[in-house]
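Please model the entire structure based on the sequences and the hints provided.
Listed here are the chains, written in short residue letters.
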Amino acid sequence: MKTIIFKATDICNSNCIYCHAVRKNQSVKTMPLEILERFFERINAFLTERPEETLKIIWHGGEPLTLGPDYFYKALAFKDAHCRETGPRISFDMQSNLTLFSKEYVDVLQKMGIKNFGTSFELLPGVRGSGGKTGSDSYNRQFIRALSLLEEEGFSWGIIYVVTKLALNRPIELFRTLTNFVPSTSVMFNPVTFLKDKPGQVAITPEEFVDFLGEIFTEWWPKRERYPGVDPFKSLVDNLLGVSEALLCTDSGRCADTHLCVSPDGTAWQCGRSSDWDLMRHGSIVESPLADILNHPQREALRKRPAVLKEGDCSGCRFWGICHGGCPLDALAETGSILHKSPWCWTKKGFIEKYLEPATGITYRPAESPAQEPARASEDEKSLPRARPRPRMFPAAAGGSGEPPWIGPIPGMDDVLMVSGILQQIVEKNPSRRFKLVNKAGYRDILSGHPAIAEIGLPPRTIDPVPLDYGGNGAPSSCQERAYQVLAERLGLETPAAETLFVPFKFEDDPYLMKFIPWKARNIIICPNCETPRKQMNTLIWEKLSQKLIEAGFGVMQLAGMKSGHVRGVYSLQGLIHVRQVISVIRHFDLVITTHNLFMQIARLHKIPAVVLWGPTDHRFFGYQGHHHLQSRRTCPSPEGCIGRRAGHIPAAACPMGDSHCMNRFEVETIYQAAQEALNR
Amino acid sequence: MKTPTLVCPYSRPLLDRIAGYAMVVRVDRFADISRAADEVRSAGKTLQCVLVESEMPLNAIDFQKDWQGIPIALSVPAMGAFREIADRVRQLADLKVHVYLPAAKRENLTASRMLASLDVTCCLVFDSAPPHWEALADLMTYALFGSNPHAPVEPFNYLAEHYRAGADIDWGAVYFDDSAEFLHLDADGRVALSWRELCCGAFIAEDISLLGDPSENALYRNSLNTRRALFLNGHPCIACEGWKVCLGRFGADGKHRPGCAASAADLLGELEHYRNQQLERA
Numbered sequence: 001m002k003t004i005i006f007k008a009t010d011i012c013n014s015n016c017i018y019c020h021a022v023r024k025n026q027s028v029k030t031m032p033l034e035i036l037e038r039f040f041e042r043i044n045a046f047l048t049e050r051p052e053e054t055l056k057i058i059w060h061g062g063e064p065l066t067l068g069p070d071y072f073y074k075a076l077a078f079k080d081a082h083c084r085e086t087g088p089r090i091s092f093d094m095q096s097n098l099t100l101f102s103k104e105y106v107d108v109l110q111k112m113g114i115k116n117f118g119t120s121f122e123l124l125p126g127v128r129g130s131g132g133k134t135g136s137d138s139y140n141r142q143f144i145r146a147l148s149l150l151e152e153e154g155f156s157w158g159i160i161y162v163v164t165k166l167a168l169n170r171p172i173e174l175f176r177t178l179t180n181f182v183p184s185t186s187v188m189f190n191p192v193t194f195l196k197d198k199p200g201q202v203a204i205t206p207e208e209f210v211d212f213l214g215e216i217f218t219e220w221w222p223k224r225e226r227y228p229g230v231d232p233f234k235s236l237v238d239n240l241l242g243v244s245e246a247l248l249c250t251d252s253g254r255c256a257d258t259h260l261c262v263s264p265d266g267t268a269w270q271c272g273r274s275s276d277w278d279l280m281r282h283g284s285i286v287e288s289p290l291a292d293i294l295n296h297p298q299r300e301a302l303r304k305r306p307a308v309l310k311e312g313d314c315s316g317c318r319f320w321g322i323c324h325g326g327c328p329l330d331a332l333a334e335t336g337s338i339l340h341k342s343p344w345c346w347t348k349k350g351f352i353e354k355y356l357e358p359a360t361g362i363t364y365r366p367a368e369s370p371a372q373e374p375a376r377a378s379e380d381e382k383s384l385p386r387a388r389p390r391p392r393m394f395p396a397a398a399g400g401s402g403e404p405p406w407i408g409p410i411p412g413m414d415d416v417l418m419v420s421g422i423l424q425q426i427v428e429k430n431p432s433r434r435f436k437l438v439n440k441a442g443y444r445d446i447l448s449g450h451p452a453i454a455e456i457g458l459p460p461r462t463i464d465p466v467p468l469d470y471g472g473n474g475a476p477s478s479c480q481e482r483a484y485q486v487l488a489e490r491l492g493l494e495t496p497a498a499e500t501l502f503v504p505f506k507f508e509d510d511p512y513l514m515k516f517i518p519w520k521a522r523n524i525i526i527c528p529n530c531e532t533p534r535k536q537m538n539t540l541i542w543e544k545l546s547q548k549l550i551e552a553g554f555g556v557m558q559l560a561g562m563k564s565g566h567v568r569g570v571y572s573l574q575g576l577i578h579v580r581q582v583i584s585v586i587r588h589f590d591l592v593i594t595t596h597n598l599f600m601q602i603a604r605l606h607k608i609p610a611v612v613l614w615g616p617t618d619h620r621f622f623g624y625q626g627h628h629h630l631q632s633r634r635t636c637p638s639p640e641g642c643i644g645r646r647a648g649h650i651p652a653a654a655c656p657m658g659d660s661h662c663m664n665r666f667e668v669e670t671i672y673q674a675a676q677e678a679l680n681r
Numbered sequence: 682m683k684t685p686t687l688v689c690p691y692s693r694p695l696l697d698r699i700a701g702y703a704m705v706v707r708v709d710r711f712a713d714i715s716r717a718a719d720e721v722r723s724a725g726k727t728l729q730c731v732l733v734e735s736e737m738p739l740n741a742i743d744f745q746k747d748w749q750g751i752p753i754a755l756s757v758p759a760m761g762a763f764r765e766i767a768d769r770v771r772q773l774a775d776l777k778v779h780v781y782l783p784a785a786k787r788e789n790l791t792a793s794r795m796l797a798s799l800d801v802t803c804c805l806v807f808d809s810a811p812p813h814w815e816a817l818a819d820l821m822t823y824a825l826f827g828s829n830p831h832a833p834v835e836p837f838n839y840l841a842e843h844y845r846a847g848a849d850i851d852w853g854a855v856y857f858d859d860s861a862e863f864l865h866l867d868a869d870g871r872v873a874l875s876w877r878e879l880c881c882g883a884f885i886a887e888d889i890s891l892l893g894d895p896s897e898n899a900l901y902r903n904s905l906n907t908r909r910a911l912f913l914n915g916h917p918c919i920a921c922e923g924w925k926v927c928l929g930r931f932g933a934d935g936k937h938r939p940g941c942a943a944s945a946a947d948l949l950g951e952l953e954h955y956r957n958q959q960l961e962r963a
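The listed protein sequences derive, respectively, from chains A and B.
Residue numbering for the first sequence follows our numbering, starting at 1 and increasing by one per position.
Residue numbering for the second sequence follows our numbering, starting at 682 and increasing by one per position.
To be clear, the hints were calculated from the coordinates, so they are not data collected in a lab.
Be careful, since some hints might not be right.
[To be verified] Below, in silico cross-link-like pairs of lysine-lysine (PhoX-like), each with a Cα-Cα straight-line distance of 25 Å or less:
no., chain 1, residue 1, chain 2, residue 2
1, B, K683, A, K115
2, A, K607, A, K515
3, A, K115, A, K103
4, A, K56, A, K115
5, B, K726, B, K777
6, B, K726, A, K103
[To be verified] The following residues of chain B were derived to be distant from chain A, with all beta-carbon distances above 10 Å:
no., residue
7, T684
8, D697
9, Y702
10, R710
11, K746
12, D747
13, A767
14, K777
15, T791
16, A848
17, L905
18, I919
19, K925
20, H954
For each residue, glycine too, the CB sits at the ideal point set by N, CA and C.
Below you can see the structure in the form of structure tokens.
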């Protein structure tokens, strides 16, 4: 596709302080209708000769809406008259300040197929508008009036924000304000550029722009799902990850073949900026067909630029494939020659190296195939290599800085402290190592702030997280026969590893809670809750056990999630406190009586005696030394246990044995005796 | 603009004049609830809700059997003593009553949780006084992530249902306060864009019959820009991280900062978390 920046007028109703157009005050300010008609004749001839080609015409200016709706109707009429066959291959877009938008434009813009507007917005006073603060206030009021009308008529819009010196000290504030202002968060940050005479109060350097972007990127990256439309970040990240191969005209190295600008008197230019800067004039559509304009000798020089830069200024640069030396006009403005790299290339290289790679763990590696060289233009562009091999995302090596891998815990909370402990050991050995955790219910509550976890969320659809389970396909064959060791091996920790547990927060007591609990001299916490009904013991057994303990003078409290029933007669803290408070408060108890669940792990974390009741799972695999384990005898068709490694049953389904399932075979007296022994140990 | 729902006082002559609109009828007395609902429905009109504001706490209200099947928005200052309502909560849950409670009182946050846990839909009303932000955050977590069954707690439920990454969510519809969906009428049929404007006498039409297409109305058009206009005068909310889910409703005057800002940012995070959880389950 070719893009024509169509400046049918140089007239603008604004006087922005950063306007860099030097080609002003021309005698022809608005394109006469005869040139407009000629323009569509030229387009038709060009497209007729190239049946595969398409053209996008971007109404630009000046301010295109100063033309009035009638001008657009006439343009459409010319297009319909001269492009009967080729018309479907022509599309329109518009870049406008929108302040003159009114209902009168709706019909003709819709007929042109325009659905989306590129526009600009500036909060800082005195930057846009007719001049001064008053001018910008009135301009902005007109602008927001136009926006509501635009939206009501079904058009969408996005903002290009021009970063000037006035904006440099408030990047985050501007980022939030602009993304709050634009409903789709479609905001693009561009640096202000000038051909010469850079005004000191406005102009910025590439280094300043990189730091401005860097501050915003640090905020954007972890919240990028919240701000889906922010550029240059989204495009750049998509590009580095190979999601998209599209490059801006400034970076493609192919602008000689893709872009063209026409100004009101019919003069053809390399692009919109070259027209503004009065550089690279390539004839006139009044005198020459488009094909001749695209073959102008200056364009030939431009086509040679990538080959020159690759051996010269950009030799060895790993960002060549996504930069190609940057905009030739910037190079021309700075050095007097297009055969140099753009001074703004730092906004790619510096930004990626200083901010993007450290923040994301993505390391950009250039594609090595020569196919990444931008295609030279020819009449038959289809025959040229266009595809650029995708750069790859390199996972971090042991000490590397690559993208942290995603890890996916199994449902339930039983393993969370083990996973946490293993990750802690890994990060202690290698402080730069990070993981991303698939967000499972409850994990975030405990693991947020973990030093080894860079992110808790959902992985992109293209990434399969490393599953933190104990068996099935892909299970390591050399693992130790302990749950902890299996997980440690899965996460890359050398085994056998010390079976330490960890939480990424300090234990704190809520004074109100501590007063609230009816403490006795010795206190026992019972934890009947399990994620699976197969590991649950009948509440009546819990009640009888509790009664016996209470009669023996113990304070007995129940603490678990809301899924387990209330054990009558005991003091219940179920559902009243946050999981972090749960973990903290358990350290004040003398004994934990629990099934195989998170509370067994918490008891281990605090080194508190515990009696653990085991049924479908095996204490030799999951349990800890020092705990008192009661393993029920299984009489069901799954003598090896129905949960866990290679068992193949659905944990969420109740045991078909009903009330006689293994967990209900415990004698109250046995548990009571075990509790006494554990307390006296 | 789609056809708005009209929020109007219970007045027979006024109801007779209105056609072609869904209605929210505001009554002053409990005794009028079923009467108003009957009259609207028997005239073949769509009743969206009966709205009643009470100065009595919930425990002092006698729920009537003939409210059965009538959607009721009941605004009360507080729940009152739970022991006095405990044996009637089942009845309240069976009726289609949504209980509106001022969020500024901390006990109302607790009451909302209790009522929701007993299957009564609740709705927090944010006004000029700030709520206890931490307690509000707890309630938000309960409303979105509480694993035991409970009734919706608004506005969190509405927000969770309407959240889309990057998009603004206006939850004014929860309070019938969104001029894109609701217009407010006084007893004379004069039309305002909100309850507040109705009370101030700021009408966009002197009669419902003169309303025409609201989107053509200059006052309506200006109202669309009210929120955006905040961006032009440096309002403290415009750079707030939680703006898109608050839109100034937690503290439109900017006085509640930084409590409201942190709370709105929390809410945004919770909504994202909730959305991810839904996607994960899907």
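Here's how the hints hold up against the structure:
Restraint check: the Cα-Cα separation between K683/B and K115/A comes to about 21 Å, which is no more than 25 Å; the hinted pair holds. A hinted pair counts as satisfied when its Cα atoms are at most 25 Å apart, and K607/A with K515/A qualifies at roughly 24 Å. For the hint linking K115/A to K103/A, the alpha-carbon distance of about 15 Å falls within 25 Å, and the restraint holds. For the suggested pair K56/A and K115/A, the alpha carbons sit about 14 Å apart, so the restraint of at most 25 Å is met.
For the suggested pair K726/B and K777/B, the alpha carbons sit about 19 Å apart, so the restraint of at most 25 Å is met. With a CA separation close to 35 Å, the supplied pair K726/B and K103/A exceeds the 25 Å bound. Listed as a non-interface residue, T684/B keeps its Cβ farther than 10 Å from every Cβ of chain A; the least gap is roughly 15 Å. No Cβ of chain A comes within 10 Å of the Cβ of D697/B; the nearest lies about 33 Å off, and the non-interface call holds.
Under the 10 Å C-beta cut-off, the non-interface status given to Y702/B relative to chain A holds; the minimum distance is some 21 Å. Every beta carbon of chain A lies more than 10 Å from that of R710/B, the smallest distance being close to 39 Å; the non-interface claim holds. The beta carbon of K746/B sits about 33 Å from the closest Cβ of chain A, which is more than 10 Å, so the claim that it is off the interface holds. Annotated as non-interface, D747/B keeps its C-beta farther than 10 Å from every C-beta of chain A; the closest such distance is 36 Å.
Taking the minimum C-beta to C-beta distance to chain A, about 18 Å, the non-interface status of A767/B holds against the 10 Å cut. Under the 10 Å C-beta cut-off, the non-interface status given to K777/B relative to chain A holds; the minimum distance is some 27 Å. Even its closest Cβ contact with chain A, about 12 Å, leaves T791/B beyond 10 Å, as expected for a residue assigned away from the interface. The Cβ of A848/B sits about 6 Å from the closest Cβ of chain A, inside the 10 Å cut-off, so the non-interface label is violated.
Look at L905/B: its CB is around 4 Å from the nearest CB on chain A, not clear of 10 Å, so calling it non-interface is violated. Here I919/B does not stay apart from chain A, with its beta-carbon only about 5 Å from theirs, under the 10 Å limit. For K925/B, the non-interface assignment is contradicted: its Cβ lies about 6 Å from the closest Cβ of chain A, within the 10 Å cut-off. The claim that H954/B lies off the interface is violated: its Cβ sits roughly 7 Å from the closest Cβ of chain A, which falls inside the 10 Å cut-off.
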